[in-house]
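Visitor: Quick note, the sequences are listed as chains V and Z, same order.
One point on numbering: in our numbering, the residue at position 92 of the first sequence is 92, and numbering is uninterrupted.
One point on numbering: in our numbering, the residue at position 29 of the second sequence is 29, and numbering is uninterrupted.
No wet-lab data here; the hints were simulated from the structure.
Ideal Cβ positions, reconstructed from N, Cα and C, are used throughout, including at glycine.
So, partial list: chain Z residues that the calculated Cβ filter (under 10 Å) puts toward chain V: (1) S31; (2) Y33; (3) Q37; (4) G40; (5) M41; (6) G42; (7) L43; (8) L45; (9) Y48; (10) G58; (11) A92; (12) E101; (13) F104; (14) G105.
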Amino acid sequence: ELKVEQNPLFLSMQEGKNYTIYCNYSTTSDRLYWYRQDPGKSLESLFVLLSNGAVKQEGRLMASLDTKARLSTLHITAAVHDLSATYFCAGINRYSGGGADGLTFGKGTHLIIQP
Amino acid sequence: NAGVTQTPKFQVLKTGQSMTLQCAQDMNHNSMYWYRQDPGMGLRLIYYSASEGTTDKGEVPNGYNVSRLNKREFSLRLESAAPSQTSVYFCASSVNRGNTEAFFGQGTRLTVV
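Chain V with its partners taken away, still in its complex shape (with noise of 0.2 Å):
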């Protein structure tokens, strides 16, 4: 059974610094998902990773897998406040029902950023 660890849990920075997020699972993804979730609200897909090596950027943020270490990362270049959220990495876990894979999430990062 797939875990997911992320860390760290809880990380406050400055507006204008760079931070990465890490995320080590624990067996064989076939992917690797990144989330982001503001408060009280629902969860926003923010990047797909589908194999090794595999980068993706969108603004201020940048993930990137290696499936041979088992691990992500989330990270971020030169904070803004809009960038305070939660941000979940997850896998898919293949469940003894057969069917639908469905994702194994981390912890989340509770981030914020202060101006």
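Based on the hints, put chain Z in the right spot on chain V.
Guide: Frame of chain V, contents of chain Z only:
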């Protein structure tokens, strides 16, 4: 385009009461999911449905039942609510099992007292 719609958005139940959370998607997706989110726990899969007419247990199915009514709708039922089921429930859908980028509803905040 509404995407994934959940009802209700908020609910308070007394211990032992029953209720059904409704979920509908208009994206013609085959697969649908129910997750619960608890503080510091991330999201955990309760049940999923690969396609119309099929359902399977996820990580935390105890105390819940589901029905895939048709391709659009996937409901979650609590037969006898317990305080441990206080949580935020999210429904999600994806094209199919091979393309599992999941799109989430707005969530149902359930409190069991």
